[in-house]
Amino acid sequence: MSTESKRLAVTAELPRLRRYAIALMRDRVEADDLVHDVVVRALDKLHLWREGTNMRTWLFTIMHNLHANEMRRRSRALDSVPLDAAPPRTEPAGQEAAVEWSELSNAMTGLSVLHRQVLLLVGLEGMTYAEAAGVLEVPVGTVMSRLSRAREELRHRIDEGAQGSTIRRIK
Amino acid sequence: MGDDRVTDSELNALVDDELDPARQAEIEAWLADNPEAAQRVARYRSQNAGLHALYDDILNEELPARTAALLDVRRAGVPAWAAMAAAITLFVVGAAGGWLVRGEGVSDTGTQLVAAATTSPIDAPPVVIPPIDTQVLMQRASMAHVVSHQDELRSPAAGGPAAMADYIADRMGKQIRVPSLDSFGYNMVGGRVLPDTDGPAAQFVFADENGHKVSLYVRSEQANGVDITYALADDLSMFYWNDSDRSYALVTRIDDDTGREALLSAAKAVHRQLSQ
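Here the protein sequences come in this chain order: A and B. Using my numbering, you'd call the opening residue of the first sequence number 1 and step up by one each time. Using my numbering, you'd call the opening residue of the second sequence number 172 and step up by one each time.
Hints are not guaranteed to be accurate.
Reference listing, derived: stretches of chain A covered by chain B, where coverage requires no fewer than 3 residues with Cβ under 8 Å from a Cβ of chain B [said to hold, decoys possible]: (1) 8 to 19; (2) 44 to 51; (3) 121 to 127; (4) 140 to 148.
By construction, these hints were calculated from the structure, which means they are not laboratory data. Backbone N, C-alpha and C define an ideal beta-carbon position, used for all residues, glycine too.
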């Protein structure tokens with residue numbers, strides 16, 4: 001495959017990388033910075049991408065590593081924020097996010113990064129457990145147990161959010 | 172059925188199409204008697220559909236110019252006529268009427284090209300993605316869905332799926348698997364081959380016991396990989412996707428999110444069956 005074909009293959013994956021980055025980080029500026037860094041890294045390493053392997057998971061793996069490095073850097077800087085801490089900042093998912101999904105959006109905000117990662121890779125990006133495990137560089141069993149816990153936590157948070165809003169409406 | 176114990180992981184694996192067909196059938200049967208677990212499965216599917224509803228719009232956004240400039244694909248030799256053709260296609264489809272893409276995960280390359288061509292500064296060339304022609308797929312699949320009366324379809328009664336596969340293959344000139352939506356309560360009404368621009372297309376029509384119709388449109392198209400994506404064309408909902416040489420659209424008329432979740436599950440099932 002020519003270099004240009006590889007670049008096209010990278011380009012074709014960028015909308016999905018961006019969707020994942022924005023959903024994961026919930027901050028468009030930071031997400032776009034991350035995607036930019038992924039493209040820089042990918043172009044630099046393009047000769048290492050093996051033809052016949054999955055370009056998408058290769059790029060997601062690069063993104064995961066860059067994101068993890070950034071989280072560790074911040075964690076050291078703050079000296080106290082663990083990798084699985086809930087994120088401090090929130091931003092609406094999209095300007096047109098439908099009202100009926102706002103509780104899901106709020107509930108996602110409360111999940112740890114580790115839980116958001118598996119939910120988004122499997123539930124949104126449609127990756128198989130094996131692909132998600134490859135991207136996250138953990139065993140498949142870890143993906144499954146995280147996913148199981150993440151979905152349950154999300155379910156409870158959505159229920160609590162719904163109750164909360166009912167109570168507010170009654171008041 | 173063999174083992175009655177169904178684990179949390181298996182409920183998740185059911186949602187994610189990670190079970191082998193035999194175990195999937197067992198668990199689906201088991202769920203019928205375990206409403207609490209069935210409810211959880213429904214909630215997990217709803218979470219997935221919600222994530223798509225929240226985030227698929229992002230797929231249609233233009234890339235930040237500085238990132239697009241890194242790739243500079245247009246200057247690298249994608250001919251200008253490709254952009255031109257996409258713009259013309261978009262215009263014609265728009266003028267012909269009524270096919271509205273509500274931005275839920277539609278990789279609308281035509282729109283991106285037109286928008287990029289009119290708004291990008293010279294030093295930030297637009298990124299050209301080899302297109303799956305979403306507009307054409309949606310239009311053809313919707314039209315075929317609306318005018319698929321039973322008497323125009325070949326009935327599956329004569330010889331079952333194998334005979335249907337042969338019938339379609341003879342007329343398409345290509346082998347194609349015949350999907351099943353039985354586990355969703357939809358039985359095949361029939362199939363047919365229709366003319367399309369890149370060679371014959373196949374359509375399979377299914378209906379539930381109330382006569383509610385779901386159809387799968389399969390057209391030949393060499394296009395870039397698109398995963399299952401939601402789109403709305405007039406009042407028809409569809410999930411579409413493609414593989415290396417075909418694009419697919421599963422179409423029905425739904426009016427609530429529950430219906431959309433069911434359609435997504437069905438689309439994933441079809442996707443799995445056809446890619447096996």
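How the hints compare with the structure:
{"no.": "1", "hint": "8 to 19", "result": "holds (count 9)"}
{"no.": "2", "hint": "44 to 51", "result": "violated (count 0)"}
{"no.": "3", "hint": "121 to 127", "result": "holds (count 5)"}
{"no.": "4", "hint": "140 to 148", "result": "holds (count 4)"}
When held up to the earlier numbered hints, the structure conflicts with hint 2 and nothing else.
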